[in-house]
Structures are given as C-alpha cells and as structure tokens.
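> One-letter residues, chain by chain:
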Amino acid sequence: MNFLIIGNSAASTSAIEAIRKHDSTSSIVQLSDEEFPLYSRCLLSYYISNTIKKETLLYRSKDFHREMNVELYTGKDFYATRLDVEKKEVICKNNRAFSFDRLLICTGSSPRIPNSIDEGIEGIFAFRNIADAERILEKIPVTRTAVVMGGGLIGIKTALALNTAGIRTFVVARSNYILSQMIDPSSAQIVSDHLREQDIQIFFETDVSEVLTRNNKLAGVRLSDGKIIDCEILVAAKGVSPNTGLIDGTSILKDYGILTDAFMRTSNENIFAAGDVAQAFDIVLEKQAVNALWTSAVQQGRIAGLNMVGQKTSYNGAIGMNSLNIGNLSLISFGITHPIDDSQYKVLVNNQPQRNIYKKVVIGADNRIKGIILLGNNSNAGVLLSLIQRKTDVSLFEEELLDDRFNFGKLLKYGGESEMDRYYKGMY
Amino acid sequence: MKRIYCKIEKCLACRSCEIACALAHSEYETLVDTLRDQKGVKPRVHVQFVDEEGTLRKVRALAIQCRHCDEPLCAQACISGGIKKDEETGEIIVRLDKCVGCWSCIMVCPTGAISKNENMHQALKCDNCPDKEIPSCIVACPTHALIQEEYDSPQNHEN
Ligand SMILES: Cc1cc2nc3c(=O)[nH]c(=O)nc-3n(C[C@H](O)[C@H](O)[C@H](O)COP(=O)(O)OP(=O)(O)OC[C@H]3O[C@@H](n4cnc5c(N)ncnc54)[C@H](O)[C@@H]3O)c2cc1C
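Respectively, the protein sequence lines represent chains B and U.
Everything in the first sequence is counted per this note's numbering, starting at 1 for the first residue and increasing by one.
Everything in the second sequence is counted per this note's numbering, starting at 1 for the first residue and increasing by one.
Just so you know, these hints were derived from the structure itself, not from any lab.
Accuracy of the hints is not assured; some may be wrong.
Examples of chain B residues lying across from chain U (beta carbon under 8 Å, computed) [said to hold, decoys possible]:
(1) S40
(2) C42
(3) L43
(4) N50
(5) I52
(6) K54
(7) T56
(8) V142
(9) T145
(10) N215
(11) Q299
(12) G409
(13) K413
Just so you have them, the derived chain B footprint on chain U, three or more residues with Cβ under 8 Å [unchecked claim]:
(14) 9 to 20
(15) 98 to 104
If you anchor each label on the Cβ, the simulated ranges turn out as follows [what the hints assert, rightly or not]:
(16) U:T89 with B:K312: 50 to 60 Å
(17) B:E134 with U:P130: 31 to 41 Å
(18) U:E27 with B:N50: 44 to 54 Å
We put the CB at the ideal spot given by N, CA and C, even for glycine.
Chain B with its partners taken away, still in its complex shape (with noise of 0.2 Å):
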C-alpha cells in the first residue's frame, strides 16, 4: 500500500501515528511546503512574546519522520497543486508527480487578508506559520503600537503577546462583543475589561478602512470612524479558510470545507481529509462542519489515518473547544454558548463577579448539554465536555452542573451503576 498525505501539522502527524500503529512497512510519502521541522502553530503567539524558544515550538523530536519511516518531501517545489483523481497522482509545483493508492489531504487553512489589506507594505502581518512570526519578531525592536484586526481567539492571542512583548496593542473588532464564535456578550464584557487593565484597549463595531503609509511602511491605519492610530505593526486576524484549492477541477465534494463521511473519508473512497481543511459531523450542531482547532486536526488525523490502514473507526464528531487565559483568567468554552434563539434551549447561569467567575450551561430541548463557558474556574471542564461527547440527559442534575463542587465524584453519583463499572474497567 502507497500512502501520500499532504500537510505536514496537527492532522497529518496524528494519522501518521495511527498508520504506523498497525502497519510498519507499508510507504508514507509526505509533502509540505513549509520547510521548518514538524511546529506546532498554536505556540507561535508564545514565541512573539518570547516565552519560548524556538527548539520548544517542536511538536515532536526532530528525528520523527525518520522514526516513522516517512518519505518527507519540504518546500515551495513541493507545494502540491494538482489532484488527478483517476490516475491517483499529485502533482508539484516542481511538476514530480507522487502516486498513491490512499491520499490524506491535511492542507490546512489559510488567513483571510481583507482586501483593503496589503501584505506587500512592511509592518502588515498575517500571522499563520513560522515565517510570519519570524517577520514579526524582527518588527518588534523597532514598533511601539500595534494594531490587531479581528477580536476572535488567534486575534486576542496575539494581541496578548504582543502586549507581553511590551507593545502597546489596540484590537479593532467588527462586533459588538470580542470571542464572538466563543463567548456570551456577558463573559465578552469580563474579558474586555481584563484585556483591559492590562493595557490592551478595544474597539467594537470598527473595521480598519485605511492603511497609512510612509516609504512602503506601515505608518498607521485610519479606522471607519475616521480615527487615526499610529502604529507600525499591523496583524490581520480576520479567520482562516479552508486550503481546498487542491481538489478543485476533481469530483470529490466540498461545502466550505472538503465533504467528509464518519471515516473522515471524501466522496472519493481512496481520499481522506483531515483537520482544518475538512468538513467533519460536529455533535453540537449535528451536521457536517468546519472546526479550525487543533484538538479536532488531530483526532480527525487519527480516524483518517486508522481507516486508511484498514481498521475500520467511526468519529464520533467535534465540538467547537477553545481554552485561553487572560493574564490569571482562564477561560474554556465548548459549543453553542449564545444561541439566537433562547426559546429552544434552557440557559442556566454562574455569575459571582467579585470573584471574576461567569459560568453558563446551553441545555437543548432534548436535555443534552449544547454549550459551556468556564470563566475565572476552569477545573472539570473535560467532566463537562465528556457528558456533551456522550449526550448524556443531564435533566437529574441540571442545577448542580455550574457548581464549583461539580466534578467525577457527582458524575458516579448520577451514573449509577453504569458509571461506577466504567470507572473500574479502566474504560477511558
């Protein structure tokens, strides 16, 4: 068996993994254009700051694709452009042509650049791989303000860093509230004012309209409201979308992101999708959708990779999941937090503000929890996580979910036998 698998990340690692885990001698040939050894990307917001070094954005030793026993083939020549779904070939940049008998496609996403946005004027950022960190940090010895475009999670992360990088940094989100696709407006206010005491200042409902230069450098930008903030850095974190260039011109399927079965397997029955570039079922929402985290890249990955290898696994599906901290402030949220509509779900909430505590559980009508915020205590998240992976009826003990004392012990309690018998078989 040929395996080729382009993408070289979250996805890609973990299906590798899997592959190897019951196969040691069929072929993994692997392509990426991005050169650095295997990174974690999430790390990078450390990195800017200076928290870590370099060495610690490793994912895994340096030696792993030799470990594997993995053909890894990097750079710009290896850039696949081309899917020729009949011969079962992917083409290069460089024109080789690399076949296969299986295809995993972990081509990721890309940053979405507004088009008022020019990534040509010095000081203008994207801030997706290794190469724009490194531009960044060049940047920073020289920069006194920086401006963030976008208040979602990578927005907020690298405004955070930057601020720790000794940065005066402004964030010019479009809504109303920050973490929009995270949080409640609520839970949004708790975070602001800490983002703010910390020296991060926000603007709601503004988009940057102007960019202001000076010799081909960033001088400033010029906000919708005709405000002007000088700066000389300026980082666009307006989302990503998914890389799903290369199945274009093929039969398989996309949506927004490339159409994936419980197999993580595309319309094509020898080609895989993983990670951000895939549509996988989210059980939240239950249906297919695209959910650009590291956690759901790397358990796609490992689905893809063991069903490439012929042990047959189903996904059970992923949930949105973010965990950020604000200075001492932790935060974790899992799906749907701020429903449109409030008739269709129960909505209980955990409000201490002297202690910077905002908690809120998202019931559906079918008694299964839909969505979580754990502001200011983030202990047993994961026991919370787990009753919405197995839609457990939480109607017994609903009122007891937001409790600090909320933990395991209550969910043996309320499991009855069942759960007691899952703890002692050791089924984790």
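Go by the hints and put chain U with the ligand onto chain B.
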C-alpha cells in the same frame, strides 16, 4: 500496566492521600516546608465526593488520579506535543519543559485529574510515583481504599 483505583465504599475523604502526594512531589522533606513553599506545590490526587449528605460514615467519596487512558484525550489536545503515552509502560507523561500552561488538557480530561500550577504555568497530574515501589497516596491511605491493580486494556483483548 498498573492503575490506581479507589474503593469508594472504603474512602473516608480524609485527604491523607492528597497531603502525601503533595509532599512526595515537593522538593522538601517535611510537610511544614512543603506548605511554606511559594511555587504552588499541589497534590495530583483529588478527593471528590459522590454523596455529601449524612455523617462521615455515610459519605461516599473517591480519590481520583490520572487514569492513564488508552486513547488519552489530553495528549490529543496538547498543543505543544508535551503529553504522550509511553508505549512501554502505558503511562501518560507530561513533559514540563514543553508545557506552556494553555490548559487544553484540562479542557478535555474526562475525570478532571489534571490540576494547574499557576505560578509556573504547568499542568500537574499523577505520575504513578516513578521513584517509589508503591505510590505515596496508597501508602498514606489509612483505610486501604486505594489499591494498585494490574489493568488489562480492553484493546489488548481485541488484537
Ligand atoms: C497563532 C495561532 C494560534 C492558534 N491557537 C490555537 C489554540 O490555542 N487552540 C486550537 O485549538 N487551535 C489553535 N490554532 C489553530 C490550529 O493551529 C489549527 O487548527 C491546526 O494547526 C490545524 O492543523 P492542520 O493539520 O489541519 O493544518 P495546518 O496546521 O494548517 O497545516 C497545514 C500544512 O499544510 C501545508 N500545505 C497547505 N497546502 C499545501 C499544499 N497544497 N501542498 C503542500 N503543503 C500544503 C501548509 O503550509 C501547512 O504547513 C491556532 C492557530 C494560529 C495560527
């Protein structure tokens, strides 16, 4: 591999295991010095109540620590690649030199067995006391509620 279990009917929630664990994982010899420590020494075993009602004798509780899961969600969620299952021993190991304190592991751990050392931005969890013959929580348990048993993965039966 061996796993630590708690016999719920025997646990009095006395927290002797927590104290012994914190002491065993501190750099000090005595409990007093451990408590004085500023770096945030914490137990990696957690006493949790199943039922809180009633008198001490009627309380049902357990001491929970890392289950060293077969398909560890913490390792899948770890953004730094610092959590791995040791293929030989089956233990889940956290490499503190890689940990950035993002708490992605806490986000997914189904038993809530991971806690944080906030001062050091590090995730803490049971390491089965690698230097000891018997883990310190088991030694400390006055009612012998904690036991270590050879555990055969359900997966091993399949293959
Ligand atoms: C700054 C930052 C912080 C983040 N923080 C978090 C976080 O805290 N938590 C979280 O869950 N997620 C976070 N994410 C998101 C997370 O990094 C992604 O979800 C994850 O990297 C997806 O992995 P992947 O394997 O699907 O693809 P990617 O990591 O996108 O990797 C795809 C790889 O394929 C290569 N490639 C693409 N097309 C081709 C081609 N045609 N030929 C050859 N190679 C190609 C790309 O260059 C890239 O190297 C963060 C992202 C960023 C940028």
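> Compare the structure with each hint and give your call.
Against the structure, the hints come out as follows:
Taken as an interface hint, S40 of chain B checks out: its beta carbon lies about 5 Å from the nearest beta carbon of chain U, inside 8 Å. The closest approach between the C-beta of C42 of chain B and any C-beta of chain U is roughly 4 Å, which is under the 8 Å cut-off, so the hint is satisfied. At about 6 Å, the closest approach between the beta carbon of L43 of chain B and any beta carbon in chain U falls short of 8 Å, and the interface hint on this residue holds. Interface restraint check for N50 of chain B: the shortest CB-CB distance to chain U comes to about 13 Å, outside 8 Å, so the restraint is violated.
With its C-beta approaching chain U no nearer than about 6 Å, I52 of chain B sits inside the 8 Å limit, and its interface hint holds. Against a cut-off of 8 Å between C-beta atoms, the interface hint on K54 of chain B is violated, since the closest Cβ of chain U lies about 13 Å away. Here the hint on T56 of chain B is kept, as its CB sits about 6 Å from the closest CB of chain U, short of 8 Å. Restraint check, V142 of chain B versus chain U: the minimum CB separation of about 27 Å is more than 8 Å; hint violated.
The beta carbon of T145 of chain B is not positioned within 8 Å of any beta carbon in chain U (closest approach about 26 Å), and the interface hint is therefore violated. At about 38 Å, the closest approach between the beta carbon of N215 of chain B and any beta carbon in chain U exceeds 8 Å, and the interface hint on this residue is violated. About 6 Å separates the beta-carbon of Q299 of chain B from the nearest beta-carbon of chain U, less than 8 Å, and the hint is met. For G409 of chain B, the interface hint holds, the least distance from its beta-carbon to any beta-carbon of chain U being 3 Å, beneath 8 Å.
At its closest, the beta carbon of K413 of chain B sits 5 Å from a beta carbon of chain U; the interface hint therefore holds under the 8 Å criterion. A count of 0 residues in the region 9 to 20 of chain U with a Cβ less than 8 Å from any Cβ of chain B is obtained; the coverage claim is therefore unmet, three being the minimum. Chain B is given as covering the region 98 to 104 of chain U, and this holds because 6 residues of the stretch bring a CB closer than 8 Å to a CB of that chain, at least three being needed. Distance hint check for T89 of chain U and K312 of chain B: the Cβ-Cβ separation is about 29 Å, which falls outside the suggested range of 50 to 60 Å.
The hinted window of 31 to 41 Å between E134 of chain B and P130 of chain U holds, with their beta carbons roughly 38 Å apart. For E27 of chain U and N50 of chain B, the hinted distance range of 44 to 54 Å is not satisfied, since their beta carbons lie about 27 Å from each other.
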